[in-house]
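**Student:** Here the structure of chain U is known, so what remains is to put chain R in place on it, guided by the hints.
Spelled out from the first residue to the last, the chains are:
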Amino acid sequence: MDILELLKLSINALKVNKMRSILTMLGVIIGVFAVIVLVSMGSGLKKYITDQISGLGSNLIFVIPGQVGGSRTPGGQQTNKLTINDARRLDTKLKAIADVGPVVQKPSTIKYKNKTDKQVSVLGTTSNYPDIVINAGTTRGVYFNLSQEKSGAHVTVIGKTVQERLFGDGNPIGEKISVEGKKYTIIGVMKKRGALFGIDQDNAIVIPINAATRQFGVDKVNAIYLAAKRPELVELVKKQARQALLQRLTEDDFTLQTQEQTLNTIGSVIGALTIALGGIAAISLLVGGIGVMNIMLVSVTERTKEIGLRKALGAKRSDILSQFIFEAIMLSVTGGVIGIILGLGVSVLLSQVFLSEVTPWSVFLAFLFSVAVGLIFGIAPAYRASRLSAIEALRYE
Amino acid sequence: MKKQPVIILTDITKDYASEDMVTRVLHEISFRVNVGEFVAITGPSGSGKSTLLHIIGLLDLATSGTYFLHEKDVTKLTEDQQASVRNNEIGFVFQSFNLLQKANVLDNVVLPAIYAGTGKAVRETKGRTLLEKVGLADHLLKRPNQLSGGQQQRVAIARALMNDPSIILADEPTGNLDTTSGRDVMEILKSLHKEGKTIVVITHDASIANQAERIVKLRDGRIV
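Chains as they are written, first to last, in the numbering used here: chain U, 8 to 404; chain R, 186 to 409.
Source of the hints: derived by calculation from the structure; they are not laboratory data. C-beta: ideal position from N, C-alpha, C; glycine also. Warning: the hint list may mix true and false statements.
[What the hints assert, rightly or not] Each computed BS3-like pair below joins lysine-lysine, with the alpha-carbon atoms no more than 27 Å apart:
hint, chain 1, residue 1, chain 2, residue 2
1, U, K15, R, K327
2, U, K25, R, K379
3, U, K88, U, K227
4, U, K183, U, K199
[Claimed, not checked] With the Cβ distance kept under 7 Å, some of the chain U side facing chain R (calculated, not the full set):
hint, residue
5, V23
6, G73
7, I398
Bound conformation, chain U alone (with noise of 0.2 Å):
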């Protein structure tokens, strides 16, 4: 018999028992929609948190306070020893191959006139700020300069949440605002950045260093962000700037991170889940495929007289196990296609709302098990229908 004569006899066949032949669709269909959706979620995820993290600028370096997973003292805090001096002895060191960045921050109230802003987040930093992070440039007014910023005068440069949220639609440059009673002149107004983690990066302000230092009282540093002038100085950089930090400092009190380490530590975690998600999705196909094999058995069962009786009119052994293979795999194959219109319509729905992104991997994998699970449930059917005697089967009721 040829592809078409068994294209026939199995849609013949499954429209015969179509409620059946439904539900056991319906068990590929949610497998192999949840494998697309899930990983589609796992990669839209993925993506979401890699352009995130892209979008400060590839060629970034973190210096962090503290060791990550080293020793805490009991109050479960490590003591920051991160100094703005360290970041000064860093600049001087580095200038060649890196520009150099310490950053104090301090969420605090922002007043102007009658109206307040609760918890913006105050960054204190050097005037080179918008060249080493992506996107911290201007869209209105001026950055402060490298004067402003040894001189700890208070100008500032503020986000776009705490523009429409103080000024609405007016324009803020040259007004004043108070951080906590001290008043600041805007200069500037920054570029929307949008949300990091679901923080809100616009709700901040940023002010010279030292006008922080001496507002918050501190001489300890947040972060030190350090960019390599070229991609492939980061290493270097990285290296030089442990050695500059050591001179003073031991391994213990800080630690330096690469945008590329971030990166892969996120990726693989994400990578993992999507894989665990995927797999649990992949489960739900393999109960699926014993739904498949079950009715199928029914089937062979059911149609014993109808096999002995085409054994008699001259079907081969292989001309019934051809059939009721190319039932089982119709009927995962259909449920196959079903459920990879369904998850990916799903899924460009979600990528609306949500974070979501098809991968062209995730419905061909789906479709080839869809396939393997037609073929691989459907051989144990197919194969007790092929060796049934013709005469005990036409004799069977």
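**Tutor:** Same frame as chain U, but now just chain R:
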């Protein structure tokens, strides 16, 4: 015209083994059927006549003995080769018709041609011709259960003729039919005989058997 044997059975025995005993249903049966002959095998139920027909039709295997069909020893064939013999050289007519209820009349008739690898157009033309021949040209697309018993048996005969076999084996073809329908079926078989087909009919009905050229009587697995 010289009579040539088409079926030669020699010392055919058939045993059925159950858990604790072996039952012999056929005892060293030897018999021949010539080309173009119309033979009736009769006997009471349990005499082994159905088993004999199944062995002739290669639906069942003899425990011992030899069977030559068209001068070939068919007991030595593989399962697939036997399927091919059933497909090309033998047409079956069963007591209970054995039509596929989910398929229409035409699809039932062309079934043997599908396994012979005949193309769709050719086999459907042939199927229509055969259904016309048995007087069912108007019922091509009906389901078997929309037809009377006599009509269903005529569909089954059309199906038996699909691949132009030289031999027609009929197992109580009138057993489930009323007298009139039974007579119609026998008329068709007789006209096939006139066309030169070899026909073997099993029946326990003497009036049917008497329409054959020759009657073989079986009792307790032996020819009497």
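**Student:** So, for every hint listed, does it hold in this structure?
**Tutor:** Verification of the supplied hints:
Between U:K15 and R:K327 the CA atoms are separated by roughly 18 Å; this keeps the pair inside 27 Å, and the hint holds. The hinted pair formed by U:K25 and R:K379 fails the criterion: a straight-line CA distance of about 46 Å is larger than 27 Å. Restraint check for U:K88 and U:K227: the C-alpha separation of about 7 Å stays at or below 27 Å, so the hint holds. Our distance criterion of 27 Å between C-alpha atoms is met by U:K183 and U:K199, whose separation comes to about 21 Å.
Given hint, U:V23 at the interface with chain R, holds; its Cβ is 5 Å from that chain's nearest Cβ, closer than 7 Å. For the restraint placing U:G73 at the interface with chain R, the shortest Cβ-Cβ distance is roughly 75 Å, beyond the 7 Å limit, so the hint is violated. Restraint check, U:I398 versus chain R: the minimum CB separation of about 4 Å is within 7 Å; hint holds.
Violation of the numbered hints given earlier is confined to hints 2 and 6; the remaining hints are satisfied by the structure.
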